[in-house]
Amino acid sequence: MMASETSPAPAGTIETADFANVGRAAWWQRGFFASQTAYVAVALAAIVVVMAVLSPAFLSPGNVANVAKNFSFIGIVTLGMTLVIVTGGIDLSVGSVMALSAIACAMAMQALAGTGLASVPFATMALAILAGLGVALLIGLANGLLVARVGLSPFVTTLGMLSIARGLAYAVTEGRGQTPSGPDIDAFYAFTDGTILGVPMAVIYLLGLAAILGIVLHHTAFGRHVFALGGNEKAAALTGVAVERVKVCVYVLCSLSAGFAGILMTGWLGSAPANLATGYELTIIAAAVIGGANLAGGVGGPAGAVIGALLIEVIRNGLVLAGINAYWQIVLVGMIIILAVLVDRLRSGRTA
Amino acid sequence: MALLELRGVGKDFGAIRALSDVDLTIEPGEAVGLMGDNGAGKSTLVKIIAGNFAPTHGSIAFDGQPVHFTRPVDARNVGIEVVYQDLALADNLTAAANVFLGRELRRRIGPFRFLDHRAMNRRASELFAELKSETRASDVVRAMSGGQRQAVAIARTRLSDAKLVLMDEPTAAISVRQVAEVLDLIRRLKDHGVAVILISHRMPDVFSVCDRVVVLRRGRKVADKPVAASSPEEVTALITGAKEAA
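Line by line, the protein sequences are chains A and B.
Just so you know, we're using this note's numbering here: the first sequence kicks off at 1 and counts up by one.
Just so you know, we're using this note's numbering here: the second sequence kicks off at 1 and counts up by one.
Here chain A stands alone, though its shape is the one from the complex (with noise of 0.2 Å):
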C-alpha cells in the first residue's frame, strides 16, 4: 500500500496508510482454524468416516471401547509431551517412566498388603499410586533440572533418562513383570480399568485432564510463561519470568503424566512388565506432533495432543481391522507425521 506517497498525512500524525498492508488475515487463516490441529481433526473424521463404510466392525461398540482405551494411555503422556515441546523442549524418557512408576506402583501395593495399613480401606491402593506417581516426580524433577539449572540439552538429559529408568525397571524387578495386588485391587482395577456409565476411566481421565490443560496454557499465567519459553526464552527472561522453575514445572508435570498413563495400564493389563511402554516415547512425540505442537518450540495445544493421539490409533485399528499386516502400521505413522508437516508447510506458504 502506497497511499501515503501519494496523499502525505498532516505532520504529527502517524499515517494509517502504513498499516494498510497487515491486515487481518481471513477467519480461515487465523485462530483454530489456520491451525494444523484443525485440519488434522478433518482429516480424522474422514478417515473415520471412509472406516465406517469399509468395515463395519470400526463403529461396533467393542471397537470403540478398545480405541478410546487404547488411544488414552498414549493420549495423557502426549498432553505432559506436549507441554514440555511447547516451551521448545522434549522428553524421550516418557516410555521408561511409565514402566518404573508402573512397576513402583505394583511393589508398594505388594508390599502394603502385608501392613498394618491393609486394614485401613483404599490405603495401600492410595500409597501405591502416590509411589508411583512419586517416582515419575524424581525423575521428572531430575530432567528439570538438569535442563533449566545445568543447561544440559533436552535430547540428551532425556535420552539418559530414557536408559536409567528402563534399566532401574528391569534391575529391581529382575526382569519379573510384577501383578498389583493385596486388599485395594478391585478397587484399584476399578480406579484404573473400569467404566463410569460405559465410558473407559482412562478416557474419562484423558479429557478430564486436556480440559485442565487447557485452562491452565490458556487462562493461566504459568501458560502464558510456557508459550513465552517456546517464542522467545530470552524475551521471557528479560522481562522476568520464572524460567527455570517454568522449566522444571513442565518436565515434572510431563513425568508425572507418564507415570500416572503407566499406573492405568497396570490396571489394564493386570501387570507390570519391566519393557512395559517400550517405544512409546517415539508415538508420543509423533502423537504430539501430527496434532500440531511444533518441536521449534511455542505452538501446541491438548485440542491436538488428544486428536493426534486418537489419529494414530485409528489408523492403527483401522489397518488391523482391514488385515494389513500389523508392521505396516509404523510405516504408515511416519508418513503422517512428514505429510501432518508438510501439509502445514505448504497450507501457511511464506509464513511458514
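No lab work stands behind these hints, which were simulated from the structure alone.
From a predicted model like this one, the values you see are computed outputs, not experimental measurements.
Since no wrong hints were added, every one of them can be taken at face value.
Pairs of lysine to any residue, SDA-like flavour, derived with a Cα cap of 25 Å: (1) B:K163 - B:H192; (2) A:K234 - B:L115; (3) A:K234 - B:D91.
Chain B: place on chain A using the hints.
Chain B alone, transformed into the frame defined by chain A:
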C-alpha cells in the same frame, strides 16, 4: 532535581577498563543520545544503568536517592526500563500478551488466579492509542512490522510508568518509513515526561529527537552538549577521535 546522576562511574573487566570516570546527568523528560564507536563503552554504560552489572567505581543516584543495582529487576523497580535491540518479544504471543509478559493481570476465581484477558487487551489498546500506534492488542507479534514491534516494546515500558527508558539501537534493523514511526514513539514518551537514553549509530535519529548528545570514546565521555550547539560533523569527529573533546 536530576532524574539520574552518575558520578565518576567506571567499570573494569579484569585488567581491562571498559569505562572510566563517567559523569552523566539526565533530567526528567529529557532525551539524550548516547553515541560512540563499537567498543567505546556505550553498552557497558547502559548495562550499568539497567542493572545488568554494578560499576567498579563511582556512584549512581536515581530521583535523588543513591542506588546500587545488581540485577535488572532492581533498576526496573525504581522505574528504569530497557527496550532491547532485538526487542525481546515472543513472536508467538499477541501484542497484549507481550506487553504484560511477566506481569500479567489476573483475577481470582475461587482458589485460582486466571488471566484477565479483557483487562490486559483493554489496557494494551489504551497504551497503543496513547503512543498513536495502530498496533492491535490481540494481533500476534509474528505478523507485525518493525515499527509495530517497537510500539509493543515501548508500550511495555509505559505499562510500568517508567521514568527512564533506555533504548538500544531501536532503528538499527528497520525500514526508513518505520524509523520515522519509531522516532514518533520516542517523542511520545517525552511528551509523557519520560526520560530517554537513545543509543544509536544513526546521526539523523539523534539529532531529530534528542535534546542532548553524549559521546563516548575508549571508555571516556568526550562530549556532552545540547544537539542545538553541536552538529553531525562535530559528533562524527568526536566519535572517530578526529576531534579530542567538546
